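Residue numbers (numbering that gives the first Met the number 0), protein chains in the order written: chain A, 0 to 267; chain B, 0 to 267.
Read the hints as simulated data drawn from the structure, not as lab findings.
One should not assume that every hint holds.
Any copy will do: because identical chains look the same in the list, a pair fits if it lies in one copy or spans two.
[Claimed, not checked] Derived DSSO-like pairs: lysine-lysine, alpha-carbon spacing no greater than 30 Å straight-line: (1) K161 - K15; (2) K259 - K173; (3) K164 - K57; (4) K36 - K15.
If you're wondering where the values come from, they're calculated on a predicted model, not measured in any experiment.
There are 2 protein chains.
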Amino acid sequence: MLAEIIAIGREILTGKTLDTNSHWLAQQLYPRGFRVKRIVAVDDVVEEIAHEILSSIKYGVSLIVTTGGLGPTFDDKTLEAVAVATGRKLLLNENALKMVQERYREFYQKGWVDSPDITPERKKMAILPDGSIPLPNPVGAAPGVWLPLGSRVILSLPGVPKEMKAIFTEYAVKRIEEFREALPEARVSVERTINSGIGDESLIAQVVKEVMAQVPNVYIKSLPETFGKAVDIPVRFTAEGKSEQEAQKVLEQAIELFTKLLKERLDK
Amino acid sequence: MLAEIIAIGREILTGKTLDTNSHWLAQQLYPRGFRVKRIVAVDDVVEEIAHEILSSIKYGVSLIVTTGGLGPTFDDKTLEAVAVATGRKLLLNENALKMVQERYREFYQKGWVDSPDITPERKKMAILPDGSIPLPNPVGAAPGVWLPLGSRVILSLPGVPKEMKAIFTEYAVKRIEEFREALPEARVSVERTINSGIGDESLIAQVVKEVMAQVPNVYIKSLPETFGKAVDIPVRFTAEGKSEQEAQKVLEQAIELFTKLLKERLDK
């Protein structure tokens, strides 16, 4: 099943911020059986965010995760874009409003803000696309948003890494796993990295090609450092199957064949 | 003028590799007057890479920079995708071939590879879209590729960071600057970050909105850490103009108004 990650924020595009959020999200999604098809970073512009979401929907992506653009400022436009892309109205969500109110009461008590009042900027964080389920933010003010759309779902998370990770780990993971279980094509992947013993990637390439032609459901990738530095290039094998056992069998088969063919070439 | 960065490689999408290349490239392009519209990471699949390149072309992007997928292995598909997207034939480029040959002779002399011969896998790195100018790779084997397309250009760089940076710095920067000079809408941007003195982003948001409505050609962004931790949220001002002097004037005006309005709110 396919997933896409959309990171929203001009600071990524100007090189101010290294987008570690997408990397972290990819690391969460991959072992849970999602193939991330694309990671896109876009500007804080409704049309551009909506365009990327629509591209994902058209392609048949099951899970779209956005990060960034949920806060109180004028350039937080993610939910407006989600509404445009999905044709949903933006409505005040009472549960989200309660979450926002609770947080600002807490922040006020701690002396972090001057007033607990819900200004229009704060209220904005509770105005969600129709049908959304708000996910509590254990760290900051803006709730995460889970929007089920039949056979797919859009999960919107904040851009502040701590908030993003907290909502994902504490509230989104369970939903993602349930959602994945309900999808028909659930598959498991296993992987192992071996050392090739040689530094010539172009020779490894020939053998990889042969193994991938002979063993189905395996993906092999050589992992070179800069030329000449790595005299022992690692090679990563990733195998897929309906069960872990099946995937493991494919993996063993591929590694065995690779080792045999490489030895044959080197012995020539 | 617009730019886009396309990072190619499954390892980014599975969360194995943090895409620092795109971040570095954005840092290079922004101060040279390019607005990076999108950063996209895609899989090693010709159709998907070509699709992203075509999207950029359709949008009117002037400079498309790809990173990754130039090496000798079966999953290095970038140039095939560039050819598909631009309707160019893939042809053996004699200059590129000389570069590849030279490198492998060197690697062979250093004992890094078993033979200096140009195998099909090695030759592949010299097969470029028609009209390409190969850029020498001071570190590795695969040349960079500069493909002029009238009012736009596609620059393809390897994915190994050292190789990418070396080609960019030593051979691509000059071409990019010349290309930029020839474009009509050259604009300069300047920026400054100030401390707001307060920790409430929703209050800053109100003032930012007002300043941006009153001062044209300025972009203002508050940079919050996790709530409550930052009691003094930094605010970044970016101003544009036809000259540095003009941009600087806009910047001063915006900061002055921001400081004044924020003080008024706090005094209330």
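Structure-based check of all given hints:
In this homomeric assembly, K161 and K15 come within 30 Å of each other (Cα to Cα) both inside a single copy, at 18 Å, and across copies, at 21 Å. In this assembly of identical chains, K259 and K173 lie within 30 Å of each other by CA distance neither inside one copy nor across copies; the values are 43 Å within and 47 Å between. With identical chains, the CA atoms of K164 and K57 are at most 30 Å apart within one copy only, with a shortest distance of 28 Å there and 35 Å across copies. In the homo-oligomer, the alpha carbons of K36 and K15 lie at most 30 Å apart both inside one protomer (25 Å) and across protomers (14 Å), since each shortest distance falls under that limit.
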